[in-house]
Every structure is written in structure tokens, then in C-alpha cells.
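Visitor: Here is what each chain is made of, one letter per residue.
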Amino acid sequence: MNAMLQPDSAEPVRAAVLDAEKPARRPRRPLAANSTSKVRQKLSATAMNIVAPLVGAAVLVLIWQLITIKNATFPTPLVTFHEAVKMFSDPFYRNSPNDQGIGWNLLASLQRVAVGFGLAALVGIPLGFVIGRVKFVSAMFSPIISLLKPVSPLAWLPIGLLVFQSANPAAIWSIFICSIWPMIINTAVGVQRVPQDYMNVARVLNLSEWKILTKILLPSALPYVLTGVRLSIGTAWLVIVAAEMLTGGVGIGFWVWDEWNNLNVPHIIIAIVAIGFVGLLLEQALMALARAFTYEQVSN
Amino acid sequence: MDESKFIDIEGVEMVFHTKKGVFHALREIDLTVAKGEFITLIGHSGCGKSTLLNLIAGLTRPTDGVLLCANREIAGPSPERSVVFQNHSLLPWLTCYENIYLGVERVFGKADSKARLRERTMAALALVGLTAAETKRPNEISGGMKQRVGIARALAMEPKVLLMDEPFGALDALTRAHLQDELLKIVAATKSTVVMVTHDVDEAVLLSDRIVMLTNGPAATIGEIVNVQLERPRDRVALAQDARYMAYRTAVLEFLYRKQAHPAKDAA
Numbered sequence: 001m002n003a004m005l006q007p008d009s010a011e012p013v014r015a016a017v018l019d020a021e022k023p024a025r026r027p028r029r030p031l032a033a034n035s036t037s038k039v040r041q042k043l044s045a046t047a048m049n050i051v052a053p054l055v056g057a058a059v060l061v062l063i064w065q066l067i068t069i070k071n072a073t074f075p076t077p078l079v080t081f082h083e084a085v086k087m088f089s090d091p092f093y094r095n096s097p098n099d100q101g102i103g104w105n106l107l108a109s110l111q112r113v114a115v116g117f118g119l120a121a122l123v124g125i126p127l128g129f130v131i132g133r134v135k136f137v138s139a140m141f142s143p144i145i146s147l148l149k150p151v152s153p154l155a156w157l158p159i160g161l162l163v164f165q166s167a168n169p170a171a172i173w174s175i176f177i178c179s180i181w182p183m184i185i186n187t188a189v190g191v192q193r194v195p196q197d198y199m200n201v202a203r204v205l206n207l208s209e210w211k212i213l214t215k216i217l218l219p220s221a222l223p224y225v226l227t228g229v230r231l232s233i234g235t236a237w238l239v240i241v242a243a244e245m246l247t248g249g250v251g252i253g254f255w256v257w258d259e260w261n262n263l264n265v266p267h268i269i270i271a272i273v274a275i276g277f278v279g280l281l282l283e284q285a286l287m288a289l290a291r292a293f294t295y296e297q298v299s300n
Numbered sequence: 001m002d003e004s005k006f007i008d009i010e011g012v013e014m015v016f017h018t019k020k021g022v023f024h025a026l027r028e029i030d031l032t033v034a035k036g037e038f039i040t041l042i043g044h045s046g047c048g049k050s051t052l053l054n055l056i057a058g059l060t061r062p063t064d065g066v067l068l069c070a071n072r073e074i075a076g077p078s079p080e081r082s083v084v085f086q087n088h089s090l091l092p093w094l095t096c097y098e099n100i101y102l103g104v105e106r107v108f109g110k111a112d113s114k115a116r117l118r119e120r121t122m123a124a125l126a127l128v129g130l131t132a133a134e135t136k137r138p139n140e141i142s143g144g145m146k147q148r149v150g151i152a153r154a155l156a157m158e159p160k161v162l163l164m165d166e167p168f169g170a171l172d173a174l175t176r177a178h179l180q181d182e183l184l185k186i187v188a189a190t191k192s193t194v195v196m197v198t199h200d201v202d203e204a205v206l207l208s209d210r211i212v213m214l215t216n217g218p219a220a221t222i223g224e225i226v227n228v229q230l231e232r233p234r235d236r237v238a239l240a241q242d243a244r245y246m247a248y249r250t251a252v253l254e255f256l257y258r259k260q261a262h263p264a265k266d267a268a
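Chain order of the listed sequences is A and B. Residues in the first sequence are numbered from 1 upward in steps of one, following the numbering used here. Residues in the second sequence are numbered from 1 upward in steps of one, following the numbering used here.
Think of the hints as simulated: they come from the structure by calculation, not from any bench. Hints should not be assumed to be uniformly reliable.
Here are the computed lysine-lysine pairs in the DSS-like style, where the Cα-Cα straight-line distance is at most 25 Å [stated by the list, open to error]: (1) K135(A) x K19(B); (2) K211(A) x K160(B); (3) K5(B) x K191(B); (4) K5(B) x K211(A); (5) K35(B) x K259(B).
Okay, the calculated beta carbon distance ranges per label pair [unchecked claim]: (6) V22(B) x S44(A): 57 to 65 Å; (7) D172(B) x V115(A): 52 to 60 Å; (8) K149(A) x F16(B): 43 to 51 Å.
Residues of chain A placed beyond 10 Å of chain B at every Cβ, according to the derived structure [said to hold, decoys possible]: (9) A45; (10) L60; (11) V115; (12) A155; (13) L161.
Think of the CB as a built atom: it goes at the ideal place given N, C-alpha and C, for glycine as much as any other residue.
Please build the complete structure, drawing on both the sequences and the hints.
Guide: Dropping the structure here:
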């Protein structure tokens with residue numbers, strides 16, 4: 001009986017305890033629901049990041065396969081894949097000046113881009129600084145830049161051939177011309193957009209022009225400069241393929257043209273993917289560089 | 001030199017020529033500031049307080065009239081009239097130390113050794129209690145700390161005049177009170193001449209020797225000047241009960257909300 005009585009007397013107390021506990025427990029349920037929804041979120045994020053691109057690639061390959069059914073001259077994805085495996089198993093062979101591995105061809109193109117692009121940076125970035133800083137120089141060059149910027153760099157190739165009397169410098173010249181505009185323009189904009197607050201600091205501290213350049217203009221304009229550099233390298237990589245098709249020699253552009261003359265379509269497709277891949281790497285590398293040099297600006 | 005006329009502003013007019021037309025910002029500004037005096041400029045937004053401060057800084061030149069500092073015409077910005085900007089304006093790519101060193105090097109670089117320059121910079125950091133933040137960049141410290149570095153940068157150059165443009169405007173009330181107390185201590189120690197723009201009545205009464213009240217723009221001018229005769233050092237808690245403090249406060253409020261009701265009200 002004692003045991004029977006006890007729960008009776010204890011009941012109201014327990015109920016009270018339970019009541020007191022309820023509010024504390026309540027938030028736990030949504031929390032648990034939260035964690036499952038988090039898992040779901042993570043899964044859907046994975047689906048977005050991995051599954052979706054894979055589906056996209058599969059669709060592309062499927063369309064490709066369908067085209068090959070209708071068109072017998074077009075290589076199937078499988079044939080191309082086998083060819084690619086063969087090609088990338090030995091990318092650095094050298095049979096003759098006109099028969100070299102895809103690695104050598106890509107490197108030759110990259111080298112031209114590096115030289116042309118580097119020269120453009122050496123000229124374009126300082127010029128952009130002067131244009132951004134000195135209104136007169138800006139007014140001097142703005143019309144010329146506006147006029148020449150939309151011209152295809154390939155239109156400059158004959159001028160390069162005329163001046164340099166050789167194919168390789170002419171190709172580099174085209175790269176130089178196409179790379180220089182985004183670098184000049186973005187650098188100038190970056191310098192013009194230096195927050196007035198920083199310039200006021202420079203004026204109150206009475207900083208020398210050199211200190212203004214190194215401590216204020218350069219770091220403040222750097223993200224813009226790097227944007228210009230990134231745009232330039234993208235264009236340069238686009239242009240080199242076309243320029244090499246015209247100038248010949250070793251290089252991925254000429255290689256594509258050569259394979260077309262050999263009617264080796266799988267190689268052309270492989271080259272297209274390889275060009276895209278290198279371009280992507282260049283872009284990503286410069287974006288990482290830009291992120292490393294971007295600072296929080298003052299508000300207002 | 002007449003120490004009561006350390007800064008002398010005579011008949012200053014400021015007219016801006018903008019794309020929208022001509023804007024008459026300030027008219028007939030006459031003001032003298034004594035050496036070691038703490039002046040606040042108060043008025044509704046858009047009345048030209050900051051314009052007047054920029055004129056004293058030399059960041060802008062007046063359309064008419066003369067501004068003198070220590071009997072010399074203010075012809076441009078100079079480290080001897082250093083400015084604490086509203087949004088701190090620290091260079092985000094430099095550490096706190098480097099931000100201050102930039103000014104110190106410019107002012108004392110020719111006369112002092114490297115070690116002495118470093119000493120001065122560290123002293124300025126210590127003055128605002130931020131020795132520990134030496135190697136931090138501005139985005140790694142709080143808003144109040146940034147503003148303190150801004151003050152340290154201005155003070156490190158040992159300016160003749162410290163100009164402050166709503167230096168505590170963007171801070172929360174507690175941080176603001178803390179920095180006001182620190183500023184009072186620093187000013188007492190360095191005997192600086194200060195001109196400060198504010199829109200905070202309590203801040204004006206607590207800090208100033210004189211409160212210069214501007215009428216509403218356009219064509220704003222000095223409406224009234226309140227002489228705050230409270231002995232220093234001032235204690236904000238004790239003053240809160242002080243009848244004279246209340247009277248000064250009322251005088252400023254009276255001017256701002258009765259005589260110069262907010263321009264938005266007029267427009268409505």
C-alpha cells in the first residue's frame with residue numbers, strides 16, 4: 001500500500017517538474033529537426049557541386065555521341081578518349097620540329113603569352129597609374145585607347161610581321177597589344193577610385209608623391225590592377241591560338257591547324273579541352289592572387 | 001604672438017560650385033580660438049560644421065575671408081593641424097603601428113633617428129592604450145580601437161591644433177563615453193588646442209571650453225557661443241547632477257530645437 005500511495009502523493013510534484021522541464025525541452029525538437037535539415041542541406045550542396053556538373057558533362061557527351069551517329073567523319077567520344085589517353089601518356093615527345101607532343105605545344109604557347117603579357121604589364125600598369133593620376137595625360141590618351149581597344153589584336157599581326165620580320169615576335173606583339181588595354185584601363189580606374197579619405201590622409205600628413213604612390217595608390221588600386229591582369233591573361237590566351245594559326249611554328253594554335261590539315265579530328269577536340277583547361281588554370285591562379293591582395297576599404 | 005588668437009577666422013565665406021548650381025555653405029564666419037582651448041562646433045546636419053573644419057584643416061580653401069593659424073595664413077593641409085576623421089580613415093593594408101609611423105616619419109623623419117621615431121610611435125599607441133594592437137591591421141580591431149588609432153596618429157605628429165570631425169559619431173554610447181574620458185585626459189596632458197565637430201549635446205558640454213553653435217544652412221553662420229565654465233578635470237557622473245551643466249545643456253538644446261528647429265521640419 002505504501003508503494004501505491006507514494007506515486008499518488010508524488011504525482012503533482014512530478015507533473016510540476018515535467019512542466020518546468022517542458023519549456024527547456026521544447027527548443028530541442030527544432031534543434032534535432034535542424035540537424036537533419038542541415039544534413040539535407042549538405043547533401044543538396046554536394047548534389048549541386050558534384051552531381052550537377054557531372055550530369056552536364058554527361059549530356060554533352062550524349063549529344064556528341066548522337067552527332068557521331070549522323071556524321072561518320074566525327075569521332076565518337078570513346079575514340080577521342082582513347083586517343084587522349086595515348087596522347088597524354090607521352091606529352092613531351094619530339095620527332096621533328098613539326099611533330100612534337102601536346103605538352104611542348106602548350107608550353108610554347110604559354111611562353112609567348114608570358115613574354116607578350118609580361119611586356120604589356122611592364123608598359124600598361126605604369127601607364128595606367130600616370131593616366132589615373134594626371135588628368136592631362138588621361139585626356140591625352142583616352143581617345144586613342146577608346147579607338148584602339150575594340151580592334152582585334154590579329155589586325156595588328158601584319159604590323160608585327162612588318163616590324164619584326166619574323167613570325168614569333170609578331171605573335172608576341174599581338175599578345176602584347178591585346179593584353180595592354182585592360183591593364184591600362186583597370187589600373188587607371190583603380191587609381192581614380194582611391195577613396196577620397198585616403199587622399200585626405202595623404203594631404204594632412206603631407207606625404208611625398210613617392211609615399212603616396214607606395215603607401216596609398218598602389219595598395220588601394222591593386223585589386224583593380226589584378227582584375228586588369230586577369231582580364232588580360234584571358235584575352236591573351238584566346239588570341240594566342242588564333243595568332244599561331246596564322247604564324248605557324250610550334251604552339252597549340254598551329255598544332256590545331258596542323259591536325260585539321262591532317263584531318264585528325266580527335267586531336268582537335270583534345271586540344272580544345274586542353275586549351276580550355278589551361279585557360280581555366282590561369283584564371284583561377286590570378287583570382288587567388290587577387291583575393292590575397294584585397295583589403296577591406298573604409299565605409300562611406 | 002597673441003595666444004588668444006591662435007586660430008583666427010575672419011569673414012570667411014564658402015560657396016560651392018556644383019553641377020546642381022551654386023551652393024552658399026557658410027557666410028560671415030568670424031571666430032578666434034585661444035591656444036589650449038577646446039572648441040566644439042555643433043549644429044544640425046548640413047549646416048556646414050564639417051566644411052568649417054575642413055577650412056581650418058586647409059583641405060578646402062575659402063571663397064572669401066582669411067584663416068590664420070599662429071599668425072600664418074592657412075594655405076593648405078599640414079601635419080601641424082592634424083585631423084581625426086569621422087570614419088578613422090586608417091589605411092587597411094598597414095598595421096596600427098605603420099599607420100601612425102607614416103605620419104611620424106613625415107614630420108620628424110629628418111630630425112630624429114629611426115629608434116626615436118619608433119619610440120614616438122609606440123608612445124602614441126601607449127597614449128590611447130593600444131600597445132597590444134601594434135601589429136594588428138585595422139580590420140582586426142573594433143571600431144572604437146580604430147578611432148583610437150586615428151587619434152594616436154593625429155597626436156603622434158605633435159600638432160599645434162587637433163581637428164576632429166565627429167570622431168565618436170559611429171561608436172556605441174559606452175565606447176563613446178570611454179573615449180571622451182580618454183580624450184579629456186590626453187588633452188589635459190598634452191595641452192592641445194582642439195576644434196571638434198559634434199552633433200551630441202552632452203559631448204559638447206562635457207568636453208568644451210566653448211560651444212560654437214551654427215545656424216541652419218544654406219549660408220550658415222555662427223548663431224551663438226556658449227562659454228562652458230566648468231572646472232577641469234570633469235567627471236561625467238558628478239556633472240549629471242550639476243545645475244550649471246544642466247543649464248549649459250539646456251542652452252544648447254534651446255538653440256538647436258527652438259531657435260534653429262531642424263531644417264526637415266521647415267521643409268515639411
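Visitor: Determine for every hint whether it applies to the structure shown.
Guide: Now the hints, each set against the structure:
At most 25 Å may separate the alpha-carbon atoms for a hinted pair to count; K135(A) and K19(B) meet this at roughly 19 Å. Distance check on the hinted pair: K211(A) and K160(B) sit about 24 Å apart at the alpha-carbon level, within 25 Å; holds. Straight-line distance between C-alpha atoms of K5(B) and K191(B) comes to about 16 Å, which keeps the hinted pair within the 25 Å bound. A hinted pair counts as satisfied when its Cα atoms are at most 25 Å apart, and K5(B) with K211(A) does not qualify at roughly 35 Å.
Between K35(B) and K259(B), the direct Cα distance comes to roughly 31 Å. Violation of the 25 Å bound is thereby established for this hinted pair. Under the hint 57 to 65 Å, the C-beta atoms of V22(B) and S44(A), about 59 Å apart, fit the expected range. Evaluation of the 52 to 60 Å hint for D172(B) and V115(A) yields a pass: the beta carbon distance comes to about 56 Å. Judged by the Cβ atoms, the range 43 to 51 Å given for K149(A) and F16(B) is violated: they are separated by roughly 36 Å.
No beta-carbon of chain B comes within 10 Å of the beta-carbon of A45(A); the shortest separation is about 28 Å. With a minimum CB-CB distance of about 43 Å to chain B, L60(A) clears the 10 Å threshold, and the non-interface call stands. The beta carbon of V115(A) is kept farther than 10 Å from every beta carbon of chain B, the shortest such distance being approximately 31 Å. Under the 10 Å C-beta cut-off, the non-interface status given to A155(A) relative to chain B holds; the minimum distance is some 39 Å.
The beta carbon of L161(A) sits about 44 Å from the closest Cβ of chain B, which is more than 10 Å, so the claim that it is off the interface holds.
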